[in-house]
Amino acid sequence: GENVEQHPSTLSVQEGDSAVIKCTYSDSASNYFPWYKQELGKRPQLIIDIRSDVGEKKDQRIAVTLNKTAKHFSLHITETQPEDSAVYFCAASRGGGNKLTFGTGTQLKVEL
Amino acid sequence: GAVVSQHPSRVICKSGTSVKIECRSLDFQATTMFWYRQFPKQSLMLMATSNEGSKATYEQGVEKDKFLINHASLTLSTLTVTSAHPEDSSFYICSARGALGSDQPQHFGDGTRLSIL
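Residue numbers (our numbering), protein chains in the order written: chain A, 13 to 124; chain G, 18 to 134.
Just chain G, with the same shape it has in the complex:
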């Protein structure tokens, strides 16, 4: 149980393209999803917290107009990297928390490797 699916697993695209990443909870309802970014050989840095039906909460220094987050249902959150540039190349990972409350552990997706040429 508690499976989180993230798609696509890898994206390679040209500079200026917008890229959408999906994060789905397959066997549970996720009221809260988190989006992390990880540069090579570095730690995971939280970008934003996404709550179903409300606006995402962004961490300091993360541009909300650059990284659009939508959490329209209890099983799906999307991250759109708008007008991506080479410096946006990174490993993006989502996690989801069940609807039973804030004490439930997070379950991670497989991540998306984004490469901007």
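Excised from the complex, chain A in its bound form:
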């Protein structure tokens, strides 16, 4: 089955700096890669996703890049703000609506 590894497990940045979280996957058939933000005790919220036919996608301060050959994808957050502090999970699946395999999560802390 699919295995998704995520690094780092914790990340502290100063407000205004950029944050980068990286994930690798094992299943070459995976073609959908979402990123979720989860605040304590709440549901995961989809913040951005990318499909395997695209190498990069951007939405305001958030961007995701995908390298199919190397089987890794990354989340980039620019101009970080305190409200960006949360746990971020990457995930992979074969098709957007099929079962997701999640990474282990990254606790992002944006300090003033």
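For the record, the hints were derived by calculation from the structure and aren't laboratory data.
From a predicted model like this one, the values you see are computed outputs, not experimental measurements.
Hints are supplied without guarantee of correctness; some may be wrong.
[What the hints assert, rightly or not] As a list, the in silico BS3-like pairs of lysine-lysine whose alpha-carbon atoms are at most 25 Å apart: (1) A/LYS49 to A/LYS80; (2) G/LYS58 to A/LYS121; (3) G/LYS58 to A/LYS34; (4) A/LYS54 to G/LYS58; (5) G/LYS37 to A/LYS54; (6) G/LYS58 to A/LYS49; (7) G/LYS37 to G/LYS83.
Knowing the structure of chain A, use the given hints to seat chain G on it.
Coordinates of chain G only, in the frame set by chain A:
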């Protein structure tokens, strides 16, 4: 649009009790629902995939007799934790996928915090 409601949000009960958690798609028909489990400071682990009108598909290591899943309609799936014990305490989250096909994204419920005393 694409709202998933999960109920209850929190349950505290004694060991040996069976607990039922409901997952409803409020504004779309969900042919497939997924049930995840999340321990504190850990990732979401898929427990089972629930398809309307058929038996659920359980992930390896998940006891089907312990975690009963019913998906009787296109808007409701239930997870029953039977004879719950303290080790079953966890955060349970459902997600639902629309009827348009497997390429539709999943929408998550708010989760249920289950605490077994």
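* Asked: Which of the listed hints are broken here?
  -> none
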